[in-house]
Amino acid sequence: MALSLAVDALSLKKGYRHLIHDLSFSVAPGECVALTGANGVGKTTLLRTLAGFIRPDGGHVRYVDGVDPEGAMAAQAHYLGHAEALSPGRLAGAELDFQRAFLGGTAAGQAEAIRRLNLSPLLELETRMLSAGQKRRLSCARLILAKRPVWLLDEPMSPLDAEHRAKLAELMQAHLSAGGLIVCAVHDPLPFEVRELRLTAPAMEAVYG
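Under the working numbering, think of the first position of the sequence shown as 3, with each following residue one higher.
Read the hints as simulated data drawn from the structure, not as lab findings. Among the hints, a few may not be true.
Stated by the list, open to error - Straight line, CA to CA, 20 angstroms or less: simulated EDC-like cross-link-like pairs of lysine to aspartate or glutamate:
| no. | residue 1 | residue 2 |
| --- | --- | --- |
| 1 | Lys169 | Glu128 |
| 2 | Lys149 | Glu86 |
| 3 | Lys15 | Glu33 |
| 4 | Lys149 | Asp190 |
| 5 | Lys169 | Glu86 |
| 6 | Lys16 | Glu33 |
| 7 | Lys149 | Glu114 |
| 8 | Lys15 | Asp59 |
| 9 | Lys149 | Asp59 |
| 10 | Lys16 | Asp59 |
| 11 | Lys149 | Glu33 |
| 12 | Lys169 | Glu33 |
| 13 | Lys149 | Glu172 |
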């Protein structure tokens, strides 16, 4: 099911300091919003709030069918943060098996993930032995293992080489073409059309355009 995201008058604090104040924006199916701004302005906190991990200090996050981030939203969204959330003692192939079972994915989706992310050479390696870029590719497999309309991605390109940045960009564009939506924190421009949501310091005002 295609979902639209609406954020209304959102406020987020860190201690006594406002990270985000009175932020409103929307994301339609087929749209990617790129979160930009200096380190520490709240991009990761905003993504984690959209995923339902953090309760906002004010305002609301809504999806068009009335689903809030908490609870049911877990079945609608993929969140990929800085931490790869991989078990260090598992072989990469076993990690894929676990992720498929945990997310309710399919064997066809697993085979597609292995092919599109070039994971075959990694399957017999322990995840702790993988490079940062290889770990990110393995983490990105969950985007394919189980189809979900909302992708919340925190600097997904950062550890990848040029070849695999291009592969991930293709996955993101295919997701958008299928009616999914993406909110993505970035430092470098993405190679396709996005709408920028720029968080700025010191006033922590949001500029959307």
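Structure-based check of each hint:
Restraint check for Lys169 and Glu128: not satisfied, since their Cα atoms lie roughly 23 angstroms apart, outside the 20 angstroms limit. Between Lys149 and Glu86 the CA atoms are separated by roughly 19 angstroms; this keeps the pair inside 20 angstroms, and the hint holds. Of the pairs offered as hints, the one joining Lys15 and Glu33 is violated, with about 27 angstroms between alpha carbons and a cut-off of 20 angstroms exceeded. For the hint linking Lys149 to Asp190, the alpha-carbon distance of about 26 angstroms lies beyond 20 angstroms, and the restraint is violated.
A hinted pair counts as satisfied when its Cα atoms are at most 20 angstroms apart, and Lys169 with Glu86 qualifies at roughly 18 angstroms. Note on Lys16 and Glu33: the hinted pairing is violated, with a Cα-Cα distance of about 29 angstroms set against a maximum of 20 angstroms. Among the hinted pairs, Lys149 with Glu114 is consistent with the structure: their alpha-carbon atoms are about 12 angstroms apart, no more than 20 angstroms. Between Lys15 and Asp59, the direct Cα distance comes to roughly 7 angstroms. Compliance with the 20 angstroms bound is thereby established for this hinted pair.
With a CA separation close to 31 angstroms, the supplied pair Lys149 and Asp59 exceeds the 20 angstroms bound. A distance of roughly 10 angstroms separates the Cα atoms of Lys16 and Asp59; the hinted pair therefore holds under the 20 angstroms criterion. Simply put, Lys149 and Glu33 have alpha-carbon atoms about 17 angstroms apart, close enough for the 20 angstroms limit, and the pair holds. Taken as a hint, the Lys169 and Glu33 pair is honoured in the structure, with Cα atoms around 19 angstroms apart against an allowance of 20 angstroms.
Taking the CA atoms of Lys149 and Glu172, the gap is about 16 angstroms. The hint holds against a cut of 20 angstroms.
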